[in-house]
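Asker: Sequence:
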Amino acid sequence: MKRWSITLLACLSLAALTACREGGPHMAAGADGAGPDAARIESVAMTASQQGNAEAEQRLRSWAARGMPVAQRELGILYRARPGQQEEAMRLLEQAARSGDAQAAFHLAEAYRGIANGTSGSSAAASSGTSPGALAWRWYLAAAEKKHAKAALMLGLLARNGEGVPRDAARSARWLEAASELGNAHAMFLLAYAYREGQGVPRDAARAQHWLEESAEHEYPPALQELAMAVADSDAERAGHLLKEAHEHRRNNWNRF
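If you use mature numbering (1 follows the signal peptide of the UniProt record, and there is no 0), the sequence shown corresponds to residues -21 to -1, 1 to 236, in order.
It should be emphasised that the hints constitute simulated quantities derived from the structure, not laboratory data.
C-beta atoms are modelled at their ideal positions from N, C-alpha and C, and glycine is treated no differently.
Possibly wrong hints are sitting among the right ones.
[Stated by the list, open to error] Using C-beta positions, here's what the derived DEER-type ranges look like:
id: 1; residue 1: Asp147; residue 2: Ala184; range: 21 to 31 Å
id: 2; residue 1: Arg77; residue 2: Met208; range: 42 to 52 Å
id: 3; residue 1: Thr98; residue 2: Gln29; range: 17 to 27 Å
Turn these sequences into a full structure, and let the hints steer you where they fit.
Answerer: Next up, the structure:
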């Protein structure tokens, strides 16, 4: 009995070691025990993207082929950056988006907007009979309905500019407010302007000031700069501090917003 117990323990240890080698410390199974969790997939995707690791990319392809939405999304994002793989990227992103992945829906919308604006050469929308701009709106909406703040911001911008949908200031303001409530500083800044100018909402100086302050609190450089200008006459010291902060955040977070 003792020898059998030692043998069993050795087998279990070997199995655990093999699992660690194959998946690493984050190789937690999903709810059904069938595969890696989202954090593990995203970690492997980062390795594939930043290091050009072929083994990591192969893992992504394997997981995507097994129907894992996060892997489909991450592989789609990886392919989007490669000329010649745009259509496969969009196919993968759409699979993930249709499975309910909000980030995949956002990236798919970005791809369609690129086609609409002529910055992408993909012809993925040609066979659908729907314009790329309308498809961009559709997928931004799918993401925004799942509380994706930047997707809600984009809906506000598209409605304001008439991209994919008719120009509609009130619709734009509603989506900017939704994005602001979700914490998007860019949306807060635009919403402040909408309230100040009465674009899509009644003029409301108090709400304009509220959203400008909120945007500045979220360290959005244009809001910090505008707030500095607003208080320059009454509080020069605060204005100087805000301008310095705006400069630092613009320099250190140029790709954040």
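Asker: With reference to the structure, classify each hint as holding or not holding.
Answerer: How the hints compare with the structure:
1. Asp147 to Ala184: 21 to 31 Å: Roughly 24 Å apart at Cβ, these two residues keep to the hinted range, so it holds.
2. Arg77 to Met208: 42 to 52 Å: 46 Å Cβ-Cβ, so the 42 to 52 Å window holds.
3. Thr98 to Gln29: 17 to 27 Å: Cβ of Thr98 to Cβ of Gln29: about 23 Å, so the range 17 to 27 Å holds.
Consistency note: the structure conflicts with none of the earlier hints.
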